[in-house]
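Taken in sequence, the protein lines are chains A and B. Okay, so the first sequence: first residue is 1265 according to the numbering used here, each after it adds one. Okay, so the second sequence: first residue is -6 according to the numbering used here, each after it adds one.
Mixed in with the good hints there might be a few duds.
[To be verified] List of simulated lysine-lysine pairs, DSBU-like, C-alpha gap at most 35 angstroms:
#	chain 1	residue 1	chain 2	residue 2
1	A	1465	B	3
2	A	1497	A	1646
3	B	3	A	1646
4	A	1616	A	1529
5	B	3	A	1616
6	A	1505	B	34
7	A	1610	B	34
8	A	1497	B	34
9	A	1465	A	1616
[Claimed, not checked] Output of the computed footprint for chain A on chain B, the stretches with three or more beta carbons under 8 angstroms from beta carbons of chain A:
#	region
10	12 to 22
11	27 to 39
Keep in mind that the hints were calculated from the coordinates and are not lab data. Since the structure is predicted, the reported quantities are computational estimates derived from the model, not experimental observations. Note that CB positions come from ideal geometry on N, CA and C, so glycine has one too.
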Amino acid sequence: MQLDKKKSFSKAASSLLGVTLGLSGVAQAAQWEHTLGLSHYNEADGRVDDNAVRLQSTRTTEDEQTLSLNLGIDSLTGASPSGRVAADGSGGLRLTSIEDTRSSGAVSYSRRLTESYNSSIGLTVSDENDYNHLGVNVSLSKELDQKNTVLSIGLAQSSDSISAVGGNKTAGASTSSASLIGEQDKDVTDVVFGLTQVLSKNSIAQINYSYSQNSGYLNDPYKVVSIIDSDGKPVDFVHEKRPDDRTGNSLYMALNTKTNTGTFKPSFRYYTDDFGIDSQTLEFRFAKQLANDREIEPYLRLYHQTNADFYRAQMPRTEATPAYFSSDYRLSEFNSYTLGFHYRWKGGNDVKYSIGASYYYQDPATPEDQLAGQSDLNPGVKAFLLRFNITF
Amino acid sequence: MAACSVSPVKPWERGTLALDSMQFGAFPIEEALDEHLYFSKEASSGGKGFSGGGCGCN
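Here chain B stands alone, though its shape is the one from the complex (with noise of 0.2 angstroms):
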């Protein structure tokens, strides 16, 4: 991927990137609840950080 950018990035150019809306894990509590109901609910986990645990329900 790293061949995809032609050009790095300047730091001055990231005020986009700075975003929250742009940031992976910029919301981690409402990530977290979001992470519980589906790790609650269905037989897969994790792929976005620690696939989970601390739970008995799957």
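Here chain A stands alone, though its shape is the one from the complex (with noise of 0.2 angstroms):
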């Protein structure tokens, strides 16, 4: 049920920037770079934990092929809603445990094919107990203007089957009787356009327009929406229903530039897709250079979304039932909040470490008609982050 991220294409091209901007203008020698990372995410009220391992191994040969290998362990545990409400009307957010182990791993491989162009290829997988995933992604890059713009295009194409515990369940379905539909898939297609522009000795830019295309089975197979009657009680639970397809645009405008105070680093991205979900986030980072190569960097994020057409926390028994339903509380509308640093140094042999913390705060702005008077039915999200990297 956790992400694989998968090799990010600007980190591609941002990474070939890398190379050919080494301070004596020669690429630097082939040589291998770990980096493990620890981390330890915990949401307030009994909500979900998650403790990972990450480890990626990159080697740079002097011809400028990277070879990247990426594997992570999640353990999850804890609750997350379930979408049920109190049996007696009573209000209050119901919980569904949860306990799985997701392993993921990625390879990819990026190379310069001519003066101006270079390409990468990668290799996704993940397997946990309920889902799996494959995908690959190609994409390519060309140099302009004295390696001052990079032009990058990059598509990725995933393959996942969903087999929740206990069996899918038909969508839209009374619980009490839905039946058994065996496993099931999801498509996803990823098209990114980037634009990577030196601005400057101390600033630089990018530009990265996405398109993705979701196909198949997009429920939560654990998800239900409640059939309420006048005083909040449930009167049957159904399996949440949502479209098969899924379209979605975003673009992303991120800026580092260097001041004698520190470097500053403004993003906005814009995101939008047919489930009526429109998002805006803001980040502003700021990194400030001490002593002894040491580096200090707090960040701020401010992101809003509005709900998916077809969120509804629960369902009056005297409405129609809509052609999509889902109580999932990451469909609905909120603001969330992140604050956070991290804090690097520098060891003995090159060895480098980072440790940081963040505070994320979802505030739900879900309708009250919605809930009811039930307004703990969606009541946020509240979560700390710790993580440690160290790399050598």
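Hints in hand, dock the two standalone chains.
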């Protein structure tokens, strides 16, 4: 149930940019670099807890070939909202316990094709007790204007399968009578167009346009929607039912600019899809170099999303059942705020260390008529994240 | 955006641009973890690179 982040295409473009922007103007010698990351994520009120280990090993050769291997393990415990309301109509969030271990892996290979063209290919896999993923990705970039401009295009295709614990059930059917429907498939196609532009000796900007197409089984097999009577008491629970395709577009812009005070790194993303989700993400990072090769980088992220057209915290029995419905809080309208920092330093033998912490707060704005007086059906999320990385 | 650059920055002038803090995607594990969190808790995805997948959580 956790995300395996594919190798970022912007990382491919920037890593290529980094190789050609060495201090001496000469590509760095071939070497391995390993990064081990440990993280602990915890949500308040007995919800999700995730402990993870990630390892990335990268080998870069003198002729600008890069091989990157990624492994990750997430141990997930705790509980997640189920969509069920209390039998007596008293409200309150009903949670379903979760326990899962997710393994993930990725391999990517990039190389320079010509003086101005670079390419990369990659493979991603993940496995958990109810979800499997297999994906491939390719990308191509072109350098222009004495390598001050990089144009890039990337394509990724995934084939995922979902087998819920206890079996997948018919979407929209009552939990008391739903039939098993067997393993379900989901395909995802992503296309990314990117432009990275050096603005000056101290500034660089990036713009990415992304298109994504999801098709197949897009439901959360564990989520239900409560059918309630006039007293707020449930008369039935039905498995959520989402459309079987989803098209999304996003535009992302970022700027890194170094001043005598430090490096300012604002970014903005606009996202929209045909689920009815529109979102804006504004992020501010400030990297301050300290003495002895140390750095501290605080950041603030502000996010807003509208709700999906078919989001329903619960459904009154007196109303006609809509074509699609889900009580998943992640499809509701909310603001979220993230405040965090990274602290980085170097040790002996060129080993790099970093620690980080962040606090995430999700503040929902579900319409009152949907909550029917049961405001704690979507109380939001409060979580903290701790992490430690070592690069050698 | 290429028109904004009055004159190209030469390779020997790119010392600052080569710093980790100036490069996009310089800390892939940190960024992957951030995107993991946001993808798991929110309805949006992608932007910085491929929009993600390999997860049943959204």
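Hint check:
Straight-line distance between C-alpha atoms of residue 1465 (chain A) and residue 3 (chain B) comes to about 9 angstroms, which keeps the hinted pair within the 35 angstroms bound. With a C-alpha separation of about 28 angstroms, the suggested pair residue 1497 (chain A) and residue 1646 (chain A) falls inside the 35 angstroms cut-off, and the hint holds. In summary, the hint linking residue 3 (chain B) to residue 1646 (chain A) is not supported, as the alpha carbons are separated by about 47 angstroms, beyond the 35 angstroms threshold. About 21 angstroms separates the Cα atoms of residue 1616 (chain A) and residue 1529 (chain A), which keeps this hinted pair within 35 angstroms; it holds.
With a C-alpha separation of about 29 angstroms, the suggested pair residue 3 (chain B) and residue 1616 (chain A) falls inside the 35 angstroms cut-off, and the hint holds. With a C-alpha separation of about 19 angstroms, the suggested pairing of residue 1505 (chain A) with residue 34 (chain B) holds against the 35 angstroms cut-off. The straight-line distance between the Cα atoms of residue 1610 (chain A) and residue 34 (chain B) is roughly 33 angstroms, inside the 35 angstroms bound, and the hint therefore holds. The hinted pair formed by residue 1497 (chain A) and residue 34 (chain B) meets the criterion: a straight-line CA distance of about 28 angstroms does not exceed 35 angstroms.
About 25 angstroms separates the Cα atoms of residue 1465 (chain A) and residue 1616 (chain A), which keeps this hinted pair within 35 angstroms; it holds. With a cut-off of 8 angstroms between beta carbons, the region 12 to 22 of chain B has 10 residues touching chain A; three or more are needed, and the interface restraint holds. Counting residues of the region 27 to 39 of chain B whose C-beta sits closer than 8 angstroms to any C-beta of chain A gives 12, which meets the bar of three, so the coverage hint holds.
Figure legend: structure checked against the earlier numbered hints; the only hint not met is number 3.
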